[in-house]
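Using the sequences and the hints, build the whole thing.
Below, each chain spelled out in residue letters.
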Amino acid sequence: MTHRWRAVQTYPETIYSMLWFELLIQGIIHGSMYAIIAVGLSLVYGLLRILHVAHAGLFTLGGYLGLLLTNATGSLILATPVAAAVVGVIGMIIYRVCYHPILDQPPYVALIASIGLFIAMEEIYRLIFGPYGLSYARPPLQFQVQFFGIQLRAAEVGMVVVSTVLLTALSYLSQKTRLGIAWRATVDDPQMAASFGIDAVRVRYLNFFIGSALAAVGGIYVSLLSNLVEPTMGGVPSYKALAIIVLGGLGNLKGTLIAALLLGIVEAFGTIYIGQWLDRDAIAFALLIVILMIRPQGLFAGR
Amino acid sequence: MKRSWIIIGISMSLILGGMLSASMAADTIKIGFHAPQTGFAASDGKSATIGAELAVEQINAAGGVLDKKLELVVYDDQAKPAQAIPIANKLIGQDKVAVGISGSYSGATRSAAGVFQEAEIPYIAAYAIHPDITRAGNYVFRTSFLGEVEGRAGAKLVGDLLKKKKVVIITLQNDFGKSLAAGFKNAAKKFGVTVINEYQYSIKDRQFGAIVAKVKADKPEAIYASGYFFTAGPLVSQLRAAGVTVPVIGQEGYDSQNFIEIAGKASEGVIITTSLDRDSKVPETRDFITAFEKKAGFKVDMVAASGHTAVKVAAAAIAKAGSTDPAKIRDALAAIKLQVSTGTIQFNALGEVMKAVQVQVVKDGNWHHFAVIDDPDLLKPPAR
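Those protein sequences? They're chains R and V, same order as listed.
Our numbering applies: residue 1 is where the first sequence begins, and numbers increase by one.
Our numbering applies: residue 1001 is where the second sequence begins, and numbers increase by one.
Simulated from the structure, these hints should not be mistaken for lab results.
Where hints are given, some of them may not hold.
To be verified - If you want the footprint, here are the derived chain V segments under chain R, 3+ residues with CB under 8 Å:
hint: 1; segment: 1030-1043
hint: 2; segment: 1091-1103
hint: 3; segment: 1203-1210
hint: 4; segment: 1225-1237
We put the CB at the ideal spot given by N, CA and C, even for glycine.
The structure is reproduced here in structure tokens:
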């Protein structure tokens, strides 16, 4: 339809390098999707040492709210920030209600609470929105885009662009603003940060807000790719994001991003070349095992 | 102290409630039904349950069976084998059902089938496709196609009806997808079809970018892709979005209005093998479609028709047996020939159904008649 990214189409399609390029692009699209989900999880782990499994439930909620708001208003541009903000606030509420009271308990207590919450969320979505899943009345961003001879959907390009923009903004926020510096100080040494007058609880709320809002945006774009939001759509991200943050070195944001992209690309090629023997979802864990055998601390040292 | 009184009160009312339902049960004939009401398969379970409830309502409205009302006892098995076994025991031991029906997937159905066979209570699988289900024994029947059989019908559809010879298979990695692919490949040669590549995906996958890229490079004449509406919808829309225009052939897993909603315009022209003909002139099928859509409030699908079919078959067998004696019902089932919403049901020696395969196509946002494959040799289920 539009040809904004149009390039000269010189490759004969049968050449394998073309297929590889296409698989690489698919890998980057999936990697961006994993990145935007895993970052929130990594943020929470970095700050609180909690494996926040229910994060994937917020990803699903983002998908639902984005879809319902888009169907109601006809505008994805309006729906995305509203859904992200609402889910961000719900993330803060989850912290207050679910994690805050048990922070002094061993980490597995929070993990169990989180898993329980995640299962409850899936069933609540099923009760409220029905078991069949919802689809966009008129799915946005479905027009086709040419990118160096590859035909892509605008939603796929959107996934990468939105993910890059938001994660760059997050990096700017944490490096260059007072707020970000306070946040990083709290992650490094909560007691020292507190003695400098940083309110640790406020930092945690901010952390949950940002992480959850990012997951919501991820949920919206994933549902644009499949035109389907279902109660269980958080299932795969819930454990794949865990694999990613372990791979990236627990709590290390840069590591998380690289691990997400790496996993996306390995999966794209793996689905085609080893998919007969190894399930795509198993590839994540095979990669995890191989890398942890070589580098037990993950790709990058954790905190 | 106060709390313990509340607990006693609640348990008393539960016991009384239980006694009440037990005393009412005496003048009904119970049919046990397990289907996923929660979890990933809840959508299929819900449709199947409504289909089964509709059949019970229709039978009761027409006077019931053996002068008694039918009662459907429904449990949620979450499509999990581990849930199905205690449920089967409960249906047999506590509810004392005359016939058990599975409105569930293969895993749960296989588990329950063994329990029903052991207790020698007749058991009908409404749409589970695994071959081992009926091999549990002579009390187990299946009113839907085996994956293998439907796969063979798919090969005839591609090679004979559509005249496409170079095919890529995209297989859902579970017993459903794998047995369909096996059937397709077994019959492919007979219809001159060459399978140039096969890819697999897991039931949780919704993003198929990599497979789509490779299929595009393969340049097939048609794609045979197994899946359920929630995987096939995204798959078909992603294939079309990437510029793959060749025919996509699916099966009964696609058979839902949800598939069309998810895939949108990309669903147009998708052809499937299934057991429900939307444009059927057969009164049983017509009436069922109208009644179901009125009761459920959404469009009919294959699992709904399958749930409906299984209850109708069970009721007819009880009526023909003239009693609720399990052995007599079993014999009546084995000899049955009954016209229902999904065709004419009769069983072979193993308890596998022998009926025609309906071929449907998406046209203007609805499923419509495309062809019927009624080739007894091709569709012959295994007899042992």
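Does the segment 1225-1237 of chain V contain three or more residues whose Cβ lies closer than 8 Å to a Cβ of chain R?
holds (count 4)
Counting residues of the segment 1203-1210 of chain V that have a beta-carbon nearer than 8 Å to any beta-carbon of chain R, does the count reach 3?
Coverage by chain R holds here, the residue count being 6 at a Cβ distance below 8 Å.
Does the segment 1030-1043 of chain V contain three or more residues whose Cβ lies closer than 8 Å to a Cβ of chain R?
As far as the segment 1030-1043 of chain V goes, the hint holds, because 5 residues have Cβ atoms under 8 Å from chain R.
For the segment 1091-1103 of chain V, do at least 3 residues have a Cβ located nearer than 8 Å to some Cβ of chain R?
Contact hint for the segment 1091-1103 of chain V vs chain R: violated, 0 residues under 8 Å.
Hint violations for this structure: number 2 only, all remaining hints satisfied.
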